[in-house]
Amino acid sequence: MGNWAVNEGLSIFVILVWLGLNVFLFIHYYKFYDDGPKYFYTRKLLGSALALARAPAACLNFNCMLILLPVCRNLLSFLRGSSACCSTRIRRQLDRNLTFHKMVAWMIALHTAIHTIAHLFNVEWCVNARVNNSDPYSVALSEIGDKDNEEYLNFAREKIKNPEGGLYVAVTRLAGITGVVITLCLILIITSSTKTIRRSYFEVFWYTHHLFVIFFIGLAIHGAERIVRGQTKDSLEKHDIKFCENKISEWGTIEQCPVPKFSGNPPMVVTHPFKTIELQMKKKGFKMEVGQYIFVKCPKVSKLEWHPFTLTSAPEEDFFSIHIRIVGDWTEGLFNACGCDKQEFQDAWKLPKIAVDGPFGTASEDVFSYEVVMLVGAGIGVTPFASILKSVWYKYCNNATNLRLKKIYFYWLCRDTHAFEWFADLLQLLETQMQERNNADFLSYNIYLTGWDESQANHFAVHHDEEKDVITGLKQKTQYGRPNWDNEFKTIASQHPK
Amino acid sequence: MGQIEWAMWANEQALASGLILITGGIVATAGRFTQWYFGAYSIAAGVLICLLEYPRGKRKKGSTMERCGQKYLTTVVKLFGPLTRNYYVRAVLHFLLSVPAGFLLATILGTVCLVIASVIYLLAAIRGEQWTPIEPKPKERPQVGGTIKQPPTNPPPRPPVEARKKPSVDEEEAASAGGPQVNPIPVTDEVV
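Those protein sequence lines, which keep their order, are chains A and B. Under the numbering used here, the first residue of the first sequence carries the number 403, and numbering increases by one thereafter. Under the numbering used here, the first residue of the second sequence carries the number 15, and numbering increases by one thereafter.
Isolated chain A, as found in the complex (with noise of 0.2 Å):
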């Protein structure tokens, strides 16, 4: 027994350790995705298919890692080799690579099968939620993503009943392609690698065993399209969960509910009326303040035009975006590569390569630093006043006490609103949200619309009396022609002196 434990004691020991990592990871990512907000919508969608299906893929991931390294013949020749680092017994389980390797292999094929399990549930259940052949609830959540605004939660965008269905997404999807070439490559090299065929027919086990180098290009790409959802950061902060969980039927319409947004991969397009697009990106290591412009350039319209565009996200939020009106050729090529003539939603990965340099231009940080602010926004010149306002909103819903800025008198001028829709929802949000806060006042806005006519003054004149505007739908009501600055400088003056 004492003799079995020296010769065998540092083997047991490895493998226990590499197996103790296994169990670690699948219980770490089997928790990640089974508890916690982002995943809770696509938990409603699968249930506890969604974390079996991702926790041995956190596994596969780990020993797909290991599984080359036992049979790099020089890597093992120099560890030998290298005498410096430990001693021969511990370098002498260098001489058992291949057990190593045949377990890690054994050990893939069975994750490869819970995994191929677990997804072989997601896809029915998805495909069944999309053509209504499920629970209202997965359903209604299975619609989320039709609407212009909306991003989807269920993959299976097209109404393919099963058992097509299934199928379709399988060959359609680039997660189903790789994975079912893949699988069939592992099954052909443990086929031809059993002790038989290895022993007698040496050559069809080595041809074979070459199949890992396809294993590994899909193996690579499989997870490229991020069909695994969860809800964005911005999101769940504004879409509170355990209040609008049962109220599906209301979400978008009332406040504290807007459609959720998921995300698997930016960069994403928006479409807004008026031909206005939004490009949200991410990008590692970008940090941006607010009020900076960043420059844009698309490859596939133009391989040397660089166009600036004002960043309209807040510093404070995970992507970055811009809104970019289509005006020309360039800004009309950049919607049609982004696919936002066509009707039905785009794939993150068919999105064409943008390229960004920046940002630049003086940040406006300056308004934090006052108790009174006055921002005058003429024309194209409100797109700054977006991420300032974004910002100053996050600031205030993060720290509201240890923040200088008080008061805000915020001026838009513009000849109609039709370009910068976006905006008035914007600050629809920002209205809503302060009422919640009891905060009213927070925030003064005053619309100068400069370009009106007969009907419109008519229509103004009917319903002057009521609460929301009829234009913006803010509770302030638009005002027409150009402020009269004497008057505001005075009013403001006069309520904060000092």
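Take these hints with a grain of salt, some might be off.
[To be verified] Selected chain B positions facing chain A (Cβ under 10 Å, derived; list incomplete):
id: 1; residue: I36
id: 2; residue: G38
id: 3; residue: A42
id: 4; residue: T43
id: 5; residue: C64
id: 6; residue: C127
id: 7; residue: V175
[Claimed, not checked] Here are the simulated BS3-like pairs of lysine-lysine, each with C-alpha atoms no more than 25 Å apart in a straight line:
id: 8; chain 1: A; residue 1: K597; chain 2: B; residue 2: K74
id: 9; chain 1: A; residue 1: K597; chain 2: B; residue 2: K163
id: 10; chain 1: A; residue 1: K702; chain 2: A; residue 2: K808
id: 11; chain 1: B; residue 1: K85; chain 2: A; residue 2: K597
In case anyone wonders, no lab produced these hints; they're calculated from the structure. C-beta atoms are modelled at their ideal positions from N, C-alpha and C, and glycine is treated no differently.
Model the placement of chain B on the given structure of chain A, informed by the hints.
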């Protein structure tokens, strides 16, 4: 690669396909997926294939490792004669069995694997391979008393062999000159 017997690999692949068909079929049936009866079919087909493929055929060269407990199934499979012996039949059978499982996503992997096995079997059949059952070799019964020889007739000391066997001197010389070793005295195994 000229030495390879493709049937051996086809056999492994078909056995694996059978197991995958069973697994996929269980998933589809237990989950009551749409048109789950294809899943039920898949389980049945998978079981049939596993039973058919479990007994390994005998290799032409060298010895074949039997699978554990395969001799019972060997007798059954042997009964079908040419249907199981001929690999063309197996190739066609596997291909036909795989088709209905291709309608469900859960079992389509089994279909593809089985088609691959069918192709390899076709290759084996073209090369003239056949399934021969591994039969247990009849044990040779030890002859009772076969090792008992006549005791020597002369008492010791006995002259060496050559002196005793006088008439066959020429034969001895011819034999010992070349060719395989021919023992002058019949050599017996004295282990009791």
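We went through each hint and held it up to the structure:
no.	hint	in the structure
1	I36	violated (12 Å)
2	G38	holds (8 Å)
3	A42	holds (8 Å)
4	T43	violated (12 Å)
5	C64	violated (14 Å)
6	C127	holds (6 Å)
7	V175	violated (46 Å)
8	K597/A - K74/B	holds (18 Å)
9	K597/A - K163/B	violated (47 Å)
10	K702/A - K808/A	violated (46 Å)
11	K85/B - K597/A	holds (20 Å)
The earlier numbered hints that this structure contradicts are 1, 4, 5, 7, 9, 10.
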